[in-house]
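*Asks:* Heads up: the protein sequence lines correspond to chains E and U, in order. This note's numbering numbers the first residue of the first sequence as 2 and each following residue consecutively. This note's numbering numbers the first residue of the second sequence as 449 and each following residue consecutively.
Each hint should be verified, as a subset may be incorrect.
Only some residues are given here: those of chain U computed to face chain E with a beta carbon under 10 Å [to be verified]:
id, residue
1, Phe656
2, His672
3, Ala673
No lab work stands behind these hints, which were simulated from the structure alone. Every residue gets a Cβ at the ideal spot worked out from N, C-alpha and C, and that includes glycine.
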Amino acid sequence: MASSIDPGGTEALPRVPIEPVPGAADGTILRLRGVGKRFPGVQALQDVSLEIARGEAHVLLGENGAGKSTLINLLAGIYIADEGEITFDGRPYRPRTPLDAYRAGIRVVHQELNMLSYLTVAENLLFESLPQRHGLVNYPEMNRRAADLLSQVGLEISPTTPVERLGVAQTQLVEIAKALCYDSKLLILDEPTATLTSKEIERLFGILRQLKEKTVTIIYISHRLHEIYEVGDRVTVLRDGQVVATRPLAGLAIADIVRMMVGRSIKAEHTFREGVQVGDEVLRVEGLRRTASMPEVSFNVRRGEIVGVAGLVGSGRTEAMRAVFGADPSFAGSIFVDGALVKIASPRDAVRHGLSLLTEDRKNQGLMLGLSCVENITITDLAKVSHLGLLHAAAEKSAASALIDELHIKTPSIYQTVRNFSGGNQQKVVIAKWLFRGAKVLICDEPTRGIDVGAKEEIYELLWDLAAAGRGIIFVSSDLPELLGICHRIIVFAHGRVVGEVKRADFDQHRILALAYEEYDLEPSN
Amino acid sequence: MSQATEPDPAERSGQRWSRVLQFLVRDAGVALALVLIVIFFAFTAPYFATSENILKIFVQIAINTVLASGMTFVILTGGIDLSVGSVLALCTVIGALIMTNPDIPVAISIPLALLGCMGTGAACGALNGFVCERWKVPSFIVTLGMLNVASGAARVVSNNATITGLPQSFVDFGNAIVGGVLPSIFLIAVGVIAVGWFILRFTVFGRFIFAIGTNEEAVRLSGHAPRNYKIAAFTISGLTAGTAAMVYLLRLNVGSPIAGAGYELNAIAAVIIGGTSLSGGKGSIIGTLVGACILQVLSTGLQLFGIGDNFKPIVIGAVIVLAVILDSYRDRFLRTLETR
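Bound-form chain U, shown alone (with noise of 0.2 Å):
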C-alpha cells in the first residue's frame, strides 16, 4: 500500500473524532441550526409547537422546496435562475386553463395540465440554458429577461385574468392529508428533494453539476462538452418551476399571472441557507430542505412571537446573510480539520 502507513489506536480515533466533528460542521451544520430554531420557538411561542402549526408550516413550505430543488442545480453549476417565479406564473395560468376548459373531461385534463405545466416550464429552463451557453451571456441577465418575457406571457394567455374554477377532485387532492400529519403537497415536496437527491448523488449527470460548478474549464479540457450539462441544469430547474405550479395549483387553486412574484428570491435564499455556495460546485439538496425549512419555521415562528409584519424581513433578511457569514467560517474549519 503506498497510502499513508497504518496510523497507531490513538491516532486513529483522533482520526474518528474529527471525522465525527467533520461530519456535525460539514453535513448537519444547518440541520442543527434548524433544530435549535425549532426549539426555541417551542419554548418562547405557545401555538408553535401544535400540531395544527406544524401542518401549515408544511404545507407552507412545499412550493418554494420544489422551486429551490431545482434552484438548487443551477446554482451548483455555478449559475442563478431569476426567472422561476414568472415562469411559475406562466404555468399556472396554463394549467388552470386546461383544467377549466370545459371540452376536456377532467380524468384527461388534470394530467394534460401536468403535463402543460412540466413541459412549459422545462422550455423556458431549456431555452435560458441555450441562450447562457450559446451567445455566453451570464445567467443573471437571461434569466432576468427570461422573467419578464414569461410574465408577459402569463398575461397575454390568461388575458390579465384570475383563472378559477378548477375541478373539485383536483382541490380536494390539493386539501388532502396522508396520515393526519402530511399534507398531499408537502409529499410532493419532498418527492422531488428525494429524485434531486438521488441524481446529484449517484448519476453520472450529478457528477457532472458538482464537477462543473467546482472547474469548468478542467471539466472541457477531460474531454466534455460542459454546456450541454449546464443546459440540463436550466431545463431541470424550469422543470420544477412547472411542478411548482402544479403545487401551486393545488395550494390556492387559482391560476394567476401575477401568482409567484418574488417567489425566486425565497428560493435562491433557501438555497443559500441550505450551504450551497453560489459560485458552485458545493452544497447539497437535502440542504437547500432545511434551508427552505429554517425561512419558513423563521417567518411562522416570528409572527407568533408577535413581531409584527414589517419587521419580519428584517430579521429574515440578517439571517439570510449571516447564514452565508457562519458558512464561511465552517469551510475555514474543515480545511483546517483536512490539513492536520
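The following block holds chain E by itself, in its conformation from the complex (with noise of 0.2 Å):
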C-alpha cells in the first residue's frame, strides 16, 4: 500500500477552489476571509478562508500544531481573530467570550470535557437556564427536559446521575445533548472519537447522521482518517496555519489526503551529524506495559545515538518515556541499563541508573521557577557539592558556572531566578541540570516546544555534543522535520504501541504519518 503514496510533488499541489456541496442548496452558514492569529513568536493562522455550507459534515485535519484548535477557539470565542472576517448565519460574526458563540448557536465539544462533576445530568445539561419557579429552581421540570434531551442521543442513564459516574463516551454524548438543546445550529467536535470504543463510535455516527437531517452544521476534527468517510461531505486540511486544500471527501483517497497534510520541506537537515561512533546498547525496554491492557512497548537506544520517537499527541509516546524513567507506575515490563536488568519502580530509581527525563512541561515539571539557576541545576545531584549534609556554597557555584558557560546559558547572574528566562534557556537548565548528574540517557519529551528557532539549533547542537560524548538521546516530537532532521532513525507510536520504526537510509514523511495514523501496514523497514 505504501507505494501508492506519491513521494515528493506535494509542494505542487494545486489549491482547488471550494466546490459547492449537493444537498446544500440553502447557502453557506460560515464564511471565513483572511481570518489571522498571531501568537508571541508563532503564526498560528494565517489567510484562512473557508466556506461551510449549511447542513454538511464538515472535517477539518491537519498534523498537530498545523492551527486546528486555534481555528476551533476563534470560533468558540475562546480567541479573537487579528484579522479577517468571519460571518455567520448571514451576519458578522466576532465573538468575544464563549456566550457570545452559544448565543449564536455555535457550540463546542472540547476534546477536555468541561463538565461540573459534582452535579447531575441534568443540572449540567441545563446549567445555562436552568427552569425555574418562584426563583427556585424547578427540579421535576429539569429533569424531564433532560431526560427528553437525553433520549435524542440515546443516552440511557437518569437524569439525576452525577456526571462523575459516567464514563468517558458518556460524558461525550451529554457534551452533545448540551449542545442539542440550545437549538445550535452548528456544532463542532474536537476529536470525539479519541477516546472511544468502536461500538461508542458507531452510536456517536448514528447521532451525527440524525442531526444533519435536522440540518444541524458539524465541524469534526478526528485524526482517524478511515472513519472521517463514515460522516463527513468535505474535508479541509490544515497546513502550518494555512488552509491546503478543501475537497469532497467522495472519491479521494487517504494517501492524498496525507500527502495535502504532509508536504513540508525538511528544513533542519543540516543538523544531522555525521561520524558520531554509535557503540554498545545503552537502555533496552522489553514489554513494557503500563496497565494489564495496555499493549507491549519494546525500544532500545545505543551510545551515541539519537532516536526519535513519533507519533499523535495520544498515542502513548510520553506515556510510556514516563513510565520508562519510574514517574508513573507501569504493570510488566524489563528495563535494562548498559546490559543488565535494573528494577526502575520510581525516578529516584531511574536517576541511579543513569536515566533522566526532559519533560514535556518544562516550566511545571522540569523547573522550580522560583529558586535561582545554580539550585535548579544541582538539584540532581547535591551530594556533589556538599559534605556531611552541610552545602559547599564555592564549590556549588563553581561546578553550577561551569555548566552554565558550557551550555551558553544566558543570564545576568547565576542566582537570577528562571521564572524569567526564555524557553531556549530554560530547557538549557534543565539539561544543565541531568549533565551535573551524569545522566547516560537522555529522554527528551518535546524538547523544543515553544522555543524559538534559533535557540532549537543550539538545543540540537548540543545534544549532539552530548550524543558524540557517548549518551543514548531519545527525542520525542510532533515535529516531524525536525525529527528527520536530526535522528539515526525513528520509531512510531500509535494508541500505545510502537507500529513501526524506520532507518535513516528509509527515512520519508508520508511513511512515517502513514505509520502514526496507524493506515497502512508497512512491511518492516530493515
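Quick one: dock chain against chain with the hints and give me the complex.
*Replies:* So this is what it looks like as C-alpha cells:
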C-alpha cells in the first residue's frame, strides 16, 4: 500500500476552488475570509478562508500544530482573531466570549470535557438556563427536559446521575446533548472519538447523521482518517496555519489526504552530524505495559545515538517515556541499562541508574521557577557539592558556573531565578541539571516546543555534543521534519504501541505519518 | 564568558542600587516594619520603651517563637500544622509528670522531662507527616485530627488535672535573666531560631525544603523522594512543639491539658507576617522571629495605648491580612526589579 503514496511533489499541490456541496442548496452558514491569529513567536493561523455549507459535515484535518485548535477556539470565542472576517448565518460574527458563541448558535465539544462533575447530568445539561419557579430551581421540570435530551442522543441514564459516575463516552454524549438543547446551528466536535470504543463511535455517528437530517451543521476534527468517510461530506486540510485545500470526501483517497497534510520540506537536514560513533546499547525497554490492558512497548537506544519518537498527541509516547523513567507506575516490563536488568519503580531508581527525563511540561515538572539557576542545576546531585549534609557554596557555584558557560545559558547572574528565562534558556537549565548528575540516557520529551528557531538549533547541537560524548538520546517530538533532521532512526507510536521503526536511510515523511495514523501496513523497514 | 557582557559603570551603579533596593524590600522589609512599629509606640505610649516592658515582651514571645520556627519548615514545604498547640499541651503534661515524680531525683528528672517533651512532640509530628504522605491526605485535615487526638491524650495522661510543684531549680532557671536584659527562655527561643536558620540556609536538607515548596513534582522527577523530607519537616514542627512545652513549663510552672489552646494560630500568624508564603517555597525563619515580635509588640503596645482587650484582636487580625497583601505587592515589585 505504501507505494500508492507519491513521494515528493507535494508542494505542487494546487489549491482547488471550493466546490458547492450537493444537498446544501440553501447556501453557506459559515464563511471565513483571510482570518489570521498570531501568538508571541508563532503565526498560528494565516489568511484562512473557508466556507461551510448549511447542513454539511465538514472535516478539519492537519498535523499537530497545524492550527485546527486555534481555528476552533476562534469560532468558540475563546481567542479573538487578529485579522479577517467571519460571517455566520448571514451576519458578521465576532465572538468575544464563549457566551457570544452560544448565543449565535455555535456549540463546541472540546477534547477536554468541561463538566461540573459533582452535579447531576440534568444540572449540567441545563446549567445555563435552569428552569425556575418563584426564583427556585424547578427540579421536576429540569429532569423532564433533561430526560428528553438524553433520549435524543440515545443515552439511557437517569438525569439525576452525578456526572462523575459517567464514563468518558457517556460524558461526551451528554456534552452533545447539551449542544442540542440550545438549538445549535453549528456543532463543532474536537476529536470526539479519541477515547471511544468502536461501538460507541457507531452510536455517535448515528447521532451525527440524525443531526444532519435536522440541518445542523457539523465541523468534525479527527486523527482517524478512515472514520471521517462515515460522516464527512467535505474535508479541509490545514498545514502550518494555512488552508492547503478543501475537497469533497467522496472519491478522495486516504493517500491524497496524507499527502496534503505533509508536504513541508525538511529544513533541518544539516543538523544531522555524520561520523558520530554509535556504540553499545545503553538502554533497552522490553515488553513495557502501563496497565494490564495496555499493549507492550519495546525499544532501545545505543550510546552516541539519537532515536526519534514520532506519533500523534495521545499515541502513548509521553506515557511510555514516563513509565520507563518510573514517573508513573507500570504494570510489567523489563528495563536494561548497559545490558544489565534494573528495577525502576520511581524516578529515584531511574536517576540512580543513569536515566534522565526532560519533561514535556518544562515549567511545571522540569524546573523550580522560583529558585535560582544554580539551585535548579544542582538539585539532581546535591551530594556532589556538600559534605556531611552541609552545602559547600563555593563548590556549588563553580560547578554550576562551568555548566552555565558550557551550555551558553544567558543570565546576568547565576543566582537569577529561572522564572524570567526564555524558553530556550530554561530548557538548557534542565539539560544542565542532568549533565550535573552525569546521566547516561537523556529522554527528551518535546525539548524544542515553544522555543525560538535560534535556540532550537542550539539545543540540537547540544544534544549532538552529548551523543558524541557517548550518551544515548531519546527525542520525542511532534515536529516530524525536526526528527527527520537529527535522528538516526525513528520509532513510531500509535494507540499506545510501537507500530514501526524507520532507519535514517529509509526516512520518508509519508511513511512515518502513515504509520502514525496507522492507515497502512508497512513492511518492516530493515 | 557566556554570561552577559561587562556592564558599563553607569549601568553597574544602577544595578547596585537595584540590588540595595531588593535587599531592603525583600530581606529587610518586615524588620523595617517592626522598627517603625516600635518607634511609633515608643513615642506615643510612655511606658513602652522602658527596660521593664521590653523584658516582658521578650518573655512573652518565647513560646510562640519556638512553635513558629518549626511551623516555618512545614509551611515552606507547602503544608500546615494545626496540631502544635495541643501537642504542646500533651508535652507540658508529660514533662510536668516526670518532673513531679517523687521517685526520680531532680538531676535526672529534668533532662528526662526534656527528652520526654521533645520525644513526644517529634513522635506526634512524625505521625502527622507519615499519615499525610502515606495516604495523601491534606495536612490541614491530618493535623486537625492530631489537634484533637493530642488534646484528648493530654487529658487522659493528666487525668484532666493541672500539674504543679515543679522542682525549684527548674523554676529558678525559668525566671533567670541573663545580664539583666535577656530572659533565659528568650535565649532558648533565639537559639531555636538560630538552629533553624542554619539548617535552612546551609544544609542539603534545607535546600530540599525550599525546593519541595517551590515545585514538589520537579523534585520528584529529579530523582528524589519528597515524602521523606516532608515527613521530616512535620517531625521538626513536633520537635519544636515539645521544646515550646518546656519553655511553657519554665515560664508558667504548670503542666496543663488546656495549655496552648489557639497557639497554633499565633504561630501561623507569625510565620505569615514574617513573609513566608502559605503555598510554600518562599520565606525565612528570621522573618518568622520578626513576625512573632511584631505580633507581641502590637499586642503590648495597643494595651499601653489604652485600646481595650476587646479591640486588640480586631487590630491584630487586620495586620495579619495587611501583611499578606503587602507581601504580594512586594513580590510584584521584586519581579519588576528582576526583569528590568
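*Asks:* Does each hint hold? Answer for all of them.
*Replies:* Okay, the hints, checked on the actual structure:
1. Interface restraint check: Phe656(U) against chain E, minimum CB-CB distance 8 Å, threshold 10 Å, status holds.
2. For His672(U), the suggested interface contact is upheld, since its CB lies about 6 Å from the closest CB of chain E, less than 10 Å.
3. A distance limit of 10 Å between C-beta atoms decides the matter here; for Ala673(U) the minimum to chain E is near 6 Å, and the interface restraint holds.
In terms of the numbered hints stated before, the structure departs from none.
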